[in-house]
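Student: Using the sequences plus the hints, can you model the full thing?
Chains as they are written, first to last, in the numbering used here: chain A, 1 to 244; chain B, 1001 to 1244.
Calculated directly from the structure, the hints in this document are not laboratory data. Just so you know, even glycine gets a beta-carbon here, dropped at the ideal spot from N, CA and C. Possibly wrong hints are sitting among the right ones.
[To be verified] Derived pair list, reagent style BS3-like, types lysine-lysine, alpha-carbon separation capped at 30 Å:
id: 1; chain 1: B; residue 1: Lys-1142; chain 2: A; residue 2: Lys-200
id: 2; chain 1: B; residue 1: Lys-1152; chain 2: A; residue 2: Lys-152
id: 3; chain 1: A; residue 1: Lys-242; chain 2: A; residue 2: Lys-171
id: 4; chain 1: B; residue 1: Lys-1022; chain 2: A; residue 2: Lys-152
[Stated by the list, open to error] Pair ranges (Cβ atoms, derived):
id: 5; chain 1: B; residue 1: Asp-1097; chain 2: A; residue 2: Lys-22; range: 33 to 43 Å
id: 6; chain 1: A; residue 1: Leu-138; chain 2: B; residue 2: Lys-1242; range: 50 to 60 Å
id: 7; chain 1: A; residue 1: Arg-73; chain 2: B; residue 2: Gly-1118; range: 50 to 60 Å
id: 8; chain 1: B; residue 1: Gln-1139; chain 2: A; residue 2: Asp-74; range: 30 to 40 Å
id: 9; chain 1: B; residue 1: Asp-1225; chain 2: A; residue 2: Leu-115; range: 44 to 54 Å
id: 10; chain 1: B; residue 1: Gly-1236; chain 2: A; residue 2: Asp-197; range: 26 to 36 Å
2 protein chains.
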Amino acid sequence: MNDQPTLYTSLSPALIHLYDLKDTVVVIIDVFRATSTIAAALYNGARSVIPVDSIPQAIKISQEINGIAAGERDGKLAEGLRHGNSPMEYKRAFIEDQTLVLTTTNGTRLLHMALELGADDIVTGSFPNLSSVCNYLLQQKKNVILACAGWKDKFNLEDTLFAGAVISRVKEHFSIHCDASFMAQYMYEQNKDNLLDFAKNLTHYHRLVNRFGYIDDIDFCLKADSADVLPLYKGGHLVVEKNA
Amino acid sequence: MNDQPTLYTSLSPALIHLYDLKDTVVVIIDVFRATSTIAAALYNGARSVIPVDSIPQAIKISQEINGIAAGERDGKLAEGLRHGNSPMEYKRAFIEDQTLVLTTTNGTRLLHMALELGADDIVTGSFPNLSSVCNYLLQQKKNVILACAGWKDKFNLEDTLFAGAVISRVKEHFSIHCDASFMAQYMYEQNKDNLLDFAKNLTHYHRLVNRFGYIDDIDFCLKADSADVLPLYKGGHLVVEKNA
Chain A
1 MNDQPTLYTS LSPALIHLYD LKDTVVVIID VFRATSTIAA ALYNGARSVI PVDSIPQAIK
61 ISQEINGIAA GERDGKLAEG LRHGNSPMEY KRAFIEDQTL VLTTTNGTRL LHMALELGAD
121 DIVTGSFPNL SSVCNYLLQQ KKNVILACAG WKDKFNLEDT LFAGAVISRV KEHFSIHCDA
181 SFMAQYMYEQ NKDNLLDFAK NLTHYHRLVN RFGYIDDIDF CLKADSADVL PLYKGGHLVV
241 EKNA
Chain B
1001 MNDQPTLYTS LSPALIHLYD LKDTVVVIID VFRATSTIAA ALYNGARSVI PVDSIPQAIK
1061 ISQEINGIAA GERDGKLAEG LRHGNSPMEY KRAFIEDQTL VLTTTNGTRL LHMALELGAD
1121 DIVTGSFPNL SSVCNYLLQQ KKNVILACAG WKDKFNLEDT LFAGAVISRV KEHFSIHCDA
1181 SFMAQYMYEQ NKDNLLDFAK NLTHYHRLVN RFGYIDDIDF CLKADSADVL PLYKGGHLVV
1241 EKNA
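Tutor: As structure tokens, this is what we get:
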């Protein structure tokens, strides 16, 4: 068993430096909602998604390439932008053949942190593209870090549940000695048949639904394989990896 | 309900800076084994426990005050010390009226981090003193941070389970909006009737039992209220708070 690749779960961006990201597949997980939105946009024909870490940068780059600047701060549309971080905004009629330049509070920030720590094989994952992520991990046969974006460095459960869903499907193929992975898998397996109900316990659910009314977003973000593509980071862009 | 004090769970020392520790009870949790050992030593009549962050400091201070230097690094007896971090070492015949000067990989380090972040009401908790911790929190009526020591900044489940045990008992008296607290309570309530069996899933169990044979320690550290005192930090010492 010892020649199997390892798998660890990092529960917060503030813990990602504890893991070796080189020669490792890093799965960026921001279920509510960046990595769900990225899957939706690419599934609906976006040419690519450029994750950037500031609003001015999103505006600047989108102007240079004639793309769509979009983003979120504190759960709502970022000031100065006309498009937000809802997967519902990126239907095919709007996003096909477009490039989305996206900045969010947690997910795109974590992706940049991973790059700075030397990650060289980054994909993004959420329930809408669960199968593609699992297939890629099984195909690559490399060590894996499931990197949860959390909320402003705090632990959140929705990213943990997705990590658990991945582990639940791929665990036979990895050497896993990690309490965070064990807990993630446990929480997922106990609640997988009623994720939408279970989500009502989460702080982010209250932020999104009670404050902003994004109930359709929650539904989409927790449903497996409704936008099943693999966003792979290549030269500044997230693009669909066709072989996954 | 909004006038209730808040309760949050910090899952790692690397996340503790995210919380406001002022005018807050900070419960340092290092179930395997520092905070179990602290409870055992004080319960068995130690005058106090001085938590220090280095081995040389433990030796120096113990010489100055004629105390007992003790500590652990990487789960085993620290080099240069004759006494370790096992609660089993601190029976009454040995520790009564003595002062223990203790340094450990995670727990004593986290206590010093909390002090540096301005914490002014610090207690230590583990299953052996569960009731005392809960009583103190209910008595103080202040905001609470349950601070898990983890393992070298990584998440661990045993500290989480203890946080969950506390939450399970005190939750009606606090305003809790924190996914980490929800998860901790969930993991504890699902597994509270067979903690010892469940512990076999934990990475630290393997480190302590399979590598070092500390099965009695595990048993002690997971049993509620067998050393039920409240260690309160006062002027460099952890001493029994009699009014708790």
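Student: All the hints need checking, so say for each whether the structure fits it.
Tutor: Results for each hint:
Only pairs whose Cα atoms come within 30 Å are accepted, and Lys-1142 of chain B paired with Lys-200 of chain A is accepted, the gap being roughly 27 Å. Between Lys-1152 of chain B and Lys-152 of chain A the CA atoms are separated by roughly 21 Å; this keeps the pair inside 30 Å, and the hint holds. Between the alpha carbons of Lys-242 of chain A and Lys-171 of chain A the distance comes to roughly 24 Å, so the proposed pair stays at or under 30 Å and holds. The hinted pair formed by Lys-1022 of chain B and Lys-152 of chain A meets the criterion: a straight-line CA distance of about 20 Å does not exceed 30 Å.
Range check, Asp-1097 of chain B to Lys-22 of chain A: Cβ separation about 53 Å, and the 33 to 43 Å hint is violated. Distance hint check for Leu-138 of chain A and Lys-1242 of chain B: the Cβ-Cβ separation is about 59 Å, which falls inside the suggested range of 50 to 60 Å. Taking 50 to 60 Å as the suggested C-beta distance range, the pair Arg-73 of chain A and Gly-1118 of chain B does not conform, at roughly 28 Å. In this structure, Gln-1139 of chain B and Asp-74 of chain A meet the distance hint of 30 to 40 Å, their C-beta atoms being roughly 36 Å apart.
Range check, Asp-1225 of chain B to Leu-115 of chain A: about 49 Å between beta-carbon atoms, so the 44 to 54 Å window is met. At roughly 49 Å, the beta-carbon separation of Gly-1236 of chain B and Asp-197 of chain A lies outside the given 26 to 36 Å, and the hint is violated.
The structure fails to meet hints 5, 7 and 10 from the earlier list, while all remaining hints are met.
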